[in-house]
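**Q** Letter by letter, the chains look like this.
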Amino acid sequence: MREVDPKDPETGDKWEVQLRKGCLELAILAALWSQKLYGLEILRRLESDSDLIVSEGTVYPLLSRLKVLGLVRSEWVESDAGHPRKYYALTPVGKQRVLDMSKTWARFSSSMSKLLAPLGKGK
Amino acid sequence: MTTVDGDAQQKIDAYLARLRGRLRGVNEQDVREIVEELRNHILEKVSLGGAEVTASGVGATLAALGSPEELASAYTTDSLLARAEVSRSPVRILESLFRSASLSIAGFFAFLASIVGYLLGVSFILCALLKPVHPQTAGLWILPGSADDFLISLRLGFGSAPPGARELLGWWIVPIGLVGGVGLVMLTTRFGLWCVGQYRKSRVLLPG
Numbered sequence: 782m783r784e785v786d787p788k789d790p791e792t793g794d795k796w797e798v799q800l801r802k803g804c805l806e807l808a809i810l811a812a813l814w815s816q817k818l819y820g821l822e823i824l825r826r827l828e829s830d831s832d833l834i835v836s837e838g839t840v841y842p843l844l845s846r847l848k849v850l851g852l853v854r855s856e857w858v859e860s861d862a863g864h865p866r867k868y869y870a871l872t873p874v875g876k877q878r879v880l881d882m883s884k885t886w887a888r889f890s891s892s893m894s895k896l897l898a899p900l901g902k903g904k
Numbered sequence: 048m049t050t051v052d053g054d055a056q057q058k059i060d061a062y063l064a065r066l067r068g069r070l071r072g073v074n075e076q077d078v079r080e081i082v083e084e085l086r087n088h089i090l091e092k093v094s095l096g097g098a099e100v101t102a103s104g105v106g107a108t109l110a111a112l113g114s115p116e117e118l119a120s121a122y123t124t125d126s127l128l129a130r131a132e133v134s135r136s137p138v139r140i141l142e143s144l145f146r147s148a149s150l151s152i153a154g155f156f157a158f159l160a161s162i163v164g165y166l167l168g169v170s171f172i173l174c175a176l177l178k179p180v181h182p183q184t185a186g187l188w189i190l191p192g193s194a195d196d197f198l199i200s201l202r203l204g205f206g207s208a209p210p211g212a213r214e215l216l217g218w219w220i221v222p223i224g225l226v227g228g229v230g231l232v233m234l235t236t237r238f239g240l241w242c243v244g245q246y247r248k249s250r251v252l253l254p255g
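Residue numbers (the numbering used here), protein chains in the order written: chain P, 782 to 904; chain H, 48 to 255.
A portion of the hints provided could be inaccurate.
Said to hold, decoys possible - Each pair of labels, with its calculated beta carbon distance range:
1. Gly230(H) - Leu900(P): 42 to 52 Å
2. Arg888(P) - Leu240(H): 24 to 34 Å
3. Gly72(H) - Leu807(P): 27 to 37 Å
As the list claims (entries may be wrong) - Far from chain P by the CB rule (all over 12 Å, computed), these chain H residues:
4. Thr101
5. Ser103
6. Tyr122
7. Pro137
8. Ala148
9. Ile172
10. Leu203
11. Trp241
Just so you know, these hints were derived from the structure itself, not from any lab. Ideal Cβ placement from N, Cα and C applies to all residues, glycine included.
Put together the whole structure using the sequences plus the hints.
**A** Put into structure tokens, the structure is as follows:
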């Protein structure tokens with residue numbers, strides 16, 4: 782069995798990538814909670830309101846998948862920019878899903894904080 | 048109003064044409080929407096830097112999107128997997144597992160197991176349905192092999208039974224074949240969906 786070096790920066794990076802990957806769906810659904818947004822707005826919202834560094838080439842296919850799963854719907858809206866924009870909004874199923882996900886997140890985050898509390902004291 | 052210079056327009060068109068060419072398996076309406084949405088994204092992103100869209104600005108924006116091949120793969124795989132999970136159709140599930148089979152050994156075995164599961168399930172159902180049509184020959188047969196060996200054969204009733212063969216279940220093949228066959232198809236579908244779910248979760252959505 783291969784030994785994992787805890788000081789290996791690559792090990793830490795991979796863990797962080799997996800962690801961010803797991804949060805992306807929740808982050809996108811949460812960004813759409815109060816209003817409909819188009820792709821670039823979603824990217825900007827994720828960049829400004831979260832620590833997620835999101836690849837542009839990741840968000841659009843993911844939005845397409847969320848649409849197939851029935852969690853978001855889309856509509857083209859004419860804009861002042863001279864071209865229509867594709868806006869995404871949560872469906873009722875998507876709203877329920879993001880509520881369930883946020884409850885799970887709160888429970889998980891609270892239990893992890895308890896577990897990690899001694900690490901803060903040991904600094 | 049944004050103006051796009053000739054080189055920039057050419058670059059955008061070439062990128063989107065390569066993307067369009069690789070969106071195999073995605074329906075035409077979805078392809079049009081994907082291309083249009085990305086065209087607008089590129090133009091809007093580049094025009095943030097000024098009123099005129101230049102080739103160098105376009106280059107940086109296209110690099111941020113990734114290569115057309117990577118982008119198309121994300122679209123086709125993600126939507127394929129999502130469609131398989133939503134529709135629960137064996138065809139969609141096998142299509143998704145076929146894609147995962149080309150990427151990992153586990154995916155290959157999951158695809159193989161699903162093919163065997165579906166074939167066996169459908170064979171049992173067909174055998175049960177054909178028993179009334181070929182009462183003497185359709186069914187589960189035991190065939191003598193070499194030495195102490197024997198073979199078990201599920202026969203649909205076409206042609207005559209091999210010499211020395213003995214039928215095992217008789218008319219019981221009808222209820223057993225139907226229940227067993229449908230059960231096997233359902234079980235394979237559940238297994239296939241679980242594998243598709245695992246494959247989707249294992250896919251890296253962010254650059255490493």
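**Q** At 12 Å, judged by beta carbons, does Thr101(H) keep clear of chain P as stated?
**A** 18 Å, holds
**Q** At 12 Å, judged by beta carbons, does Ile172(H) keep clear of chain P as stated?
**A** Holds: least Cβ distance 30 Å, greater than 12 Å.
**Q** Is 27 to 37 Å respected by the C-beta to C-beta distance linking Gly72(H) and Leu807(P)?
**A** Check passed, 28 Å falls within 27 to 37 Å.
**Q** Go ahead and decide if the range 42 to 52 Å is satisfied by the Cβ distance of Gly230(H) to Leu900(P).
**A** 50 Å, holds
**Q** Once the closest CB in chain P is found, is it more than 12 Å from Leu203(H)?
**A** 38 Å, holds
**Q** For Tyr122(H), is the shortest beta carbon distance to chain P beyond 12 Å?
**A** Since the minimum Cβ distance to chain P is about 5 Å, Tyr122(H) lies within 12 Å and the statement is violated.
**Q** Is the claim that Ala148(H) lies outside the interface with chain P correct, judged by CB distances over 12 Å?
**A** Given that every Cβ of chain P is farther than 12 Å from that of Ala148(H), nearest at about 21 Å, it holds.
**Q** Does Ser103(H) sit more than 12 Å from chain P, CB to CB?
**A** 18 Å, holds
**Q** According to the definition I'm using, a residue is off the interface if its beta carbon is farther than 12 Å from all beta carbons of the partner; does Pro137(H) meet that for chain P?
**A** 18 Å, holds
**Q** Within 24 to 34 Å: is that where the Cβ-Cβ distance between Arg888(P) and Leu240(H) falls?
**A** 26 Å, holds
**Q** In terms of Cβ atoms, is chain P entirely out of 12 Å range of Trp241(H)?
**A** Non-interface label on Trp241(H) holds, nearest chain P Cβ at 17 Å vs cutoff 12 Å.
Violated hint: 6 only; the structure is consistent with all others.
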